Structures are given as structure tokens and as C-alpha cells.
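Add chain H to chain F, keeping to what the hints say.
One-letter residues, chain by chain:
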Amino acid sequence: MIELENVTKVYRMGKVEVPALQGVSLTVQKGEMLAIMGPSGSGKSTMMNVIGCLDVPTSGRYVLEGEEVGRLTDDRLAEIRNRKIGFVFQTYNLLHRLTAAENVELPLLYSSGRNRRQRALEALERVGLGPRANHHPAELSGGEQQRVGIARALVKSPSILLADEPTGNLDSRSSIEIVAILQGLNREEGLTVVIVTHEPDIAEHTRRVVSMRDGQVVSDEPVRKPRQAVSLGEARERRS
Amino acid sequence: MSPLTILRTALSSLGASKLRSGLTLLGIVIGVAAVISLMAIGRGAQQAITANIEALGTNLLFVRPGATSQGGVFGGQGSASTLTLGDAYALMDTVYAPSVAAVAPELRAVGQVVAGSKNTRTQVVGVTPEYQFVRNVPVASGQFVTWGQVENISAVAVLGSRVAETLFGFRDPVGQTVRINGRQFAVVGVLKSQGGGVQGLFDDQVLAPITTVSYRLASQRTTQGGVTVQTVNVQVRSGDIMDSAVQEIATVLRQRHRITGDDDFTVTSQQATVETLQQVTNVFVVFLGAIASISLLVGGIGIMNIMLVSVTERTREIGIRKAMGAKRRDILLQFVSEATLLSLGGGGAGVLLGLGLSRLMDGRSLGSQTLHTVFSGDIAVLALVVSAAIGLFFGIYPAFRAARLHPIEALRHE
Chain F
1 MIELENVTKV
11 YRMGKVEVPA
21 LQGVSLTVQK
31 GEMLAIMGPS
41 GSGKSTMMNV
51 IGCLDVPTSG
61 RYVLEGEEVG
71 RLTDDRLAEI
81 RNRKIGFVFQ
91 TYNLLHRLTA
101 AENVELPLLY
111 SSGRNRRQRA
121 LEALERVGLG
131 PRANHHPAEL
141 SGGEQQRVGI
151 ARALVKSPSI
161 LLADEPTGNL
171 DSRSSIEIVA
181 ILQGLNREEG
191 LTVVIVTHEP
201 DIAEHTRRVV
211 SMRDGQVVSD
221 EPVRKPRQAV
231 SLGEARERRS
Chain H
1001 MSPLTILRTA
1011 LSSLGASKLR
1021 SGLTLLGIVI
1031 GVAAVISLMA
1041 IGRGAQQAIT
1051 ANIEALGTNL
1061 LFVRPGATSQ
1071 GGVFGGQGSA
1081 STLTLGDAYA
1091 LMDTVYAPSV
1101 AAVAPELRAV
1111 GQVVAGSKNT
1121 RTQVVGVTPE
1131 YQFVRNVPVA
1141 SGQFVTWGQV
1151 ENISAVAVLG
1161 SRVAETLFGF
1171 RDPVGQTVRI
1181 NGRQFAVVGV
1191 LKSQGGGVQG
1201 LFDDQVLAPI
1211 TTVSYRLASQ
1221 RTTQGGVTVQ
1231 TVNVQVRSGD
1241 IMDSAVQEIA
1251 TVLRQRHRIT
1261 GDDDFTVTSQ
1271 QATVETLQQV
1281 TNVFVVFLGA
1291 IASISLLVGG
1301 IGIMNIMLVS
1311 VTERTREIGI
1321 RKAMGAKRRD
1331 ILLQFVSEAT
1341 LLSLGGGGAG
1351 VLLGLGLSRL
1361 MDGRSLGSQT
1371 LHTVFSGDIA
1381 VLALVVSAAI
1391 GLFFGIYPAF
1401 RAARLHPIEA
1411 LRHE
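So the sequence lines, in the order shown, correspond to chains F and H. Here my numbering is used: the first residue of the first sequence is 1, the next is one more, and so on. Here my numbering is used: the first residue of the second sequence is 1001, the next is one more, and so on.
Isolated chain F (complex conformation):
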């Protein structure tokens, strides 16, 4: 469903041209869960922005679910982001003056649709935050804020969930919770999940690892035995 074909991306910094992607080809099937790894400056964030339709490639082809999106206008890209992509950010990127439920409603504001509140509550329920719907982000822990972020990414039932260092700001316990949620969504609902990370620990929980360096894919290998993350809640359930 994601087909990148010889994609390049060049940023202009004043008069200097900085190549961020130098001919990347990548195919991701529906229902896959993969990690994109690499040191900072390797081009993984740029790749993420291109896949997430936040940016268009300088050259090459990008086909998302049969639709060539490399040459679309800003507003058409916004529409595709709204419909097909769910973003999870390292810094959560929640709006602080809104409650958890209102934050989750945000993507629904930019498309026609009814029962916004209802759908937002359902999404929060799926990440186990139903009781916290009316809390503001400041009243939630980091892990809880990230779960609100995931609920917001889920609320429009996207084709892909793109997570950019989703555990980068979290302690290991919260990190495992988040990974467990992402694995659950992938396994039980067949959601395509792409995680950008530099933590091998996180990558081991996916089924495929794409490594990048200097704007190119240097290795693309399946994970032989993906680790299963068990959230605290699940652990408690199993013990009893």
C-alpha cells in the first residue's frame, strides 16, 4: 500500500542544497509493522514526513493506496493526511487548553461527520483512557498523554499509523505500555504501523527493520522473533 520509488528530497538552506533522501525505494504491505532506524541526520525523519504526506519528494514516485501523492497541492495533501494517516509524535503535540477528548476530536473537525464526541470517547476507550476523557494534558502522565496522542491518531480509522519516536520522552515502563498498544492495534485490527526510532529495544518489537544512513536505505530485514510487549494491565490479568 506504500510504494516509494527512487524518492529523493533536497532541502534548500539559503544557497546550499542539502540532500536528505538520495533515491529511496521502499514497499510496505497492508498490515505490516515496521521500524525505520538510523542515526540522526540519516534521513529517517524526512522519510517519515514524505510517507505522512507532510512533505512532497523532490523527485521519484510515492504511491499511497494506489494514489500518486507526490505531486499534489497542499490542500489535497491535507485531505489525505486527514483521511489516511494517523500521526503519533515524540512530544505528543497535544493542545493544552483542550481536554483529552477535545484533543482526540481534532482530526474530526476537518472533515464532515457526526458524533464527534462519541467517536473520540470510543478511541480513548481503546487506549484505556476512557475515565480520563475530561482531563487536560497537564493533569496526565507522559504515558497517558502519549495514549491520548494514539487515540487522536486512531479516531479517523486511518490506513497507516505513523509514530515518530513515540517512546522518546517516556520511561521504560510507559514505553512498554505504548509499544503494547501499538502491537495490539497491529495484531488485532490489522493496522499498518510505521515507527521511526533509534532505540533497538523498540525495533525488536516490530516485524521488520529498515535501517537508513546518509539518506539511503542500507538494510531492510525482517525481525525473526518479534518480542511481545505485555502491558502492566495485561500482566495483572494473566496472573489472576
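Simulated from the structure, these hints should not be mistaken for laboratory data. One or more hints might be untrue.
Unchecked claim - Selected chain F positions facing chain H (in silico; Cβ < 8 angstroms):
1. N49
2. L54
3. D55
4. D74
5. A78
6. R81
7. N82
8. F87
9. L95
10. Y110
Quick caveat: nothing in here was measured; it's all calculated off a predicted structure. For each residue, glycine too, the CB sits at the ideal point set by N, CA and C.
Quick look at chain H alone, frame taken from chain F:
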């Protein structure tokens, strides 16, 4: 996005920084209140002036002699002595001038009025009995000039209220005598005080029979020694036949003066005076409004300033919204509606404040004058529309800047 959602989003954004929104609002509130109250004062003054002129009497025409010209030297309008008492009486002819209801000629002279040890310099107006009704000058005590006194060239005088007070204090002047330019006059009446305005001028004047003023006080005389007249006040039967009255007066006077070329008289209507004055006061009202609008403009710039700050501060929010699928139009609309809501809210509060202020000022004395304010709905509506437009105008640039932001850069913004 639905209009309701846009409104709710804007309200929640503005509510997030209440103090700042309130202060920005204040700029518009003050601007609109200033426009409303200054316009109310302007309109009040306009109405007072119009009412003042209309108090002179209704449906009035003024006939005055034309300008003198002697060897190429032209005098002012009304300086010629071509209009006579005969002309004035001729206008009362019901056959040739059927539109005319009443005629009141007048002749003015300056006189030193003396009573005992007191004296004052004032205008002595020569009048006929009709003058009382045509020019609306009621008598407080005694009586007005009578026809008998006009025919007999009697040395009688009716004093204006302030003249009476100056010369006689609180004593009743009726029955007393005064000397005007050395001649003895019997005081037969005192005029009612009319306060300020044009009618108030009568308080400082002395009325006497027109014949007496002509023969005893004024120097102007016709070549045959007849009584000349400076102004003939003509009351027309009704307001809608003013034009035909002017025609009739002109026809009668041209015949009497045997005129074939240029007229030696002019006819002006009170309406024309009112209109001229209204034009002048309109300029005054617009001027006041323009001054007040400056503060409204400053308020608008305040909105623009605060919206630009807001866009910078909320760059990350814009990035998040764009990542979630907000189009340029959505972001544009969000910021424009915030700006418009600010200015419209300020406009609404400003209208109320302006209304309160003009109520408060109404009837207050300002020196010797009383302040009148007229609050008009059209100005309120206009102020609201203008303040909404200001929000739109000054909000569009910051909103455009917000909409143009690139999502990735906006998300990276700290």
C-alpha cells in the same frame, strides 16, 4: 468546518488568554464608544440648531432689498433702501398674493436706551403688530405694539427681558419711561425671556412701532420721505406652497418697482437657512465622527498586533492542526474569526458604552449651553458593521500568515 465549530474554536482560543483578549477588546470598545457618543453630541447639536431656527416661526420667507451700487461701489445685500412699508402692505393683497398668510416688516436702528441712572446700547426693532405672531415673540407683561401706535407714530417701546432687567432691575417697567437716543418713549410691555439660541436675541432688543423707528431713530428714508423696510417677514399659509408664494411676492414687487431687468430685492426662505445650516452642521458631525474613527483605527491595529503575536505563539498548534488535516482555508478561517469576534465583541460593548455615555451627557450644562445628545440606531448598526469589517481587515493578514505556514516547520517550532 461548520460555522458553529469555528465559533466555538475561536471562543475557546480567545478564552485561553482572557486578559490579553480583554485588553484588545478595550481598544475597539473605546473607539466605538467614542464614535457613538461624539456622533450623538453632533446630532444633538444639529437637532438643537434646527429646532432653534424653526422656533423663529414656521413657513417663513424673508424679503430683503438688493445691494446698492453707486458709481461702481457695491454695498452689501440689503443695503439698498428700495423696500418700503407700502411694498410690505402690498404683499398682504389676497388677490395677487393668495399664498401669503401674514406680513411683518421690520426696520432696525441702534439706540442708547436710558432709564434713570442706568443705560444700555441695543438694537431698536421697528415692527407692526403682526410681528408678534410671525416671529413668535410673546409678551410677558403689558402689551405688544398696536396698529394705532403704528399709525400715530407713537413713542412707545416694548423692552426685551434682559433690557428690562438691566434698566429697571426687578421693578415692573410697564408705565415707566425710557429715553432712546434722547427721545422719550413710554414702556408699554416687556417680552418674555426666550433663553439661548436665535430667539434669545430678542431678550436684548427693544421693539417699537416701525413708523416711530423710521421717523425718530433711523436715517434711511425713501426719496419721497416714506418709511423704508430692511426685512419683510412673510408667513406663508402652508409649507408646501412656499414656491408659489415666492413667485407671487416677486410678481407683486416687480410690478410695484417697475422692474424689467434684475430684481432689486431677494426672497430667501427659512427652509433654505435651515438647509444651509444643516450642511454646515453635517460637516461638523462628520468631522467629529472622523476624529472618533481614528481611535477605532488604532483599536484595529491593536487587533492586528495581537493576532500576529498569537500566530507566532501558536505556530506549533497550527502545525498540529495541519498535520491532522486542516487546510489553508480552515486555518485562515480560524484566525479571521478570532479577530472578527474580538472586534465585533468590542463593537457591541462599545455601542452599549457609547449609549450609556450619551445618556449621561444628555441635558448636562456646558458653560451657558445645554448639551443635547441624540442616539441613533443607524449609527449603532454602522459602528457594529465597521468594527466587524475592521476585525476582518486587520485579521486577514495575520490569518494569512498562519495559513501559509508549512506543517513541518510549524511542528518544529518551539
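For the hint on N82 of chain F, just tell me whether its beta-carbon gets within less than 8 angstroms of chain H. Hint on N82 of chain F: holds, closest Cβ of chain H at ~2 angstroms, below 8 angstroms.
Does the nearest C-beta of chain H fall within a distance shorter than 8 angstroms of the C-beta of A78 of chain F? holds, 5 angstroms
Against chain H, run the beta carbon of L54 of chain F and see if the smallest gap drops under 8 angstroms. Holds, about 5 angstroms.
With a cut-off of 8 angstroms, does the beta carbon of F87 of chain F approach a beta carbon of chain H closely enough for the hint to hold? holds, 5 angstroms
When the nearest CB of chain H is found for R81 of chain F, is that gap smaller than 8 angstroms? holds, 5 angstroms
Does L95 of chain F hold up as a contact with chain H if the rule is Cβ-Cβ below 8 angstroms? holds, 6 angstroms
Any CB of chain H closer than 8 angstroms to the CB of D74 of chain F? For D74 of chain F, the interface hint holds, since the closest Cβ of chain H sits about 6 angstroms away, which is under 8 angstroms.
Given Y110 of chain F as an interface hint, is its Cβ closer than 8 angstroms to any Cβ of chain H? This hint holds: Y110 of chain F lies near chain H, its Cβ roughly 4 angstroms from the closest one there, short of 8 angstroms.
Hinted contact D55 of chain F with chain H - closest CB pair below 8 angstroms: holds, 6 angstroms
Under the criterion of a CB-CB separation shorter than 8 angstroms, is N49 of chain F in contact with chain H as hinted? holds, 6 angstroms
Consistency note: the structure conflicts with none of the earlier hints.
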